[in-house]
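With our numbering, the residue at position 187 of the sequence shown is 189, and numbering never jumps.
Be aware that one or more of the hints could be misleading.
[To be verified] The calculated PhoX-like cross-link candidates involving lysine-lysine, where the alpha carbons are at most 25 Å apart (straight line), are:
1) 72 with 58
2) 20 with 58
3) 100 with 72
4) 100 with 174
5) 20 with 105
6) 105 with 174
7) 131 with 105
8) 174 with 72
9) 174 with 58
10) 131 with 174
Because the hints were derived from the structure by calculation, they are not lab data.
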Amino acid sequence: MTPPTDCCIREQLRISLKHVPVALGMIPHVSVMEQTIGNNRSGCDATILLNATFQKNVLGNCQSCTNVPKCGRKMLRIDLEMAPIKTGFSFHVGDSRKNNGYKGDASTQENDAELYFLGYQHLLYRSDKCLNTSLNRTGLLRDGVTSVTIFIGNEFIRVSNNLGYVYELCSKCLFALNGQSDSQGPVNEDIFIGLNRIIDSSSYRDGTGVCSAVIRWACPWDS
């Protein structure tokens with residue numbers, strides 16, 4: 003079956019982080035906010051910060067978990083090429099511009115769920131609406147992992163690697179991307195992505211291990 007011409011966004015953003023950050027291509031509503039040259043600790047040590055704005059699902063409601071790709075900007079796919087050695091904060095995705103790891107965001111947003119890679123761990127923190135409790139997962143970044151794929155949708159996340167590890171969660175405590183209320187900050191449909199760094203620019207937490215990334219809006223007709 004051929005998808006409708008206005009369903010799938012085929013553009014991709016390709017990013018290299020091998021000491022000097024290079025971003026090639028453009029995709030709608032995904033932008034580069036900051037980038038820095040690496041500090042020679044590793045071949046994959048450049049950093050970049052991205053912002054992605056999702057499209058509301060007008061046919062659903064605020065509590066509707068988007069766990070499969072839909073037309074438009076409903077689910078973001080992130081493919082990471084990983085170095086054998088990972089240090090510090092190599093990946094971070096969050097609901098708040100001030101997400102700084104360890105569940106903090108200086109009370110900027112009530113919707114402040116975040117996932118990050120710290121060394122060989124990946125940690126998922128629920129938003130303040132769910133008392134910001136954490137889920138410490140193991141296995142995603144073990145020895146031999148060279149690639150990781152992340153899917154993000156409204157109230158949904160899925161992570162997998164090249165060795166067959168898969169973890170996914172659908173929860174109202176995750177990313178609020180469909181106009182949910184927020185008692186601490188403005189309502190938005192944004193997420194922020196830090197590669198070899200955390201999201202909050204003032205916290206100076208970075209890492210190494212992501213060598214390249216491909217960012218795209220997921221299409222329901224793709225495998």
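Against the structure, the hints:
no.	hint	result
1	72 with 58	11 Å, holds
2	20 with 58	35 Å, violated
3	100 with 72	28 Å, violated
4	100 with 174	20 Å, holds
5	20 with 105	29 Å, violated
6	105 with 174	16 Å, holds
7	131 with 105	12 Å, holds
8	174 with 72	19 Å, holds
9	174 with 58	15 Å, holds
10	131 with 174	9 Å, holds
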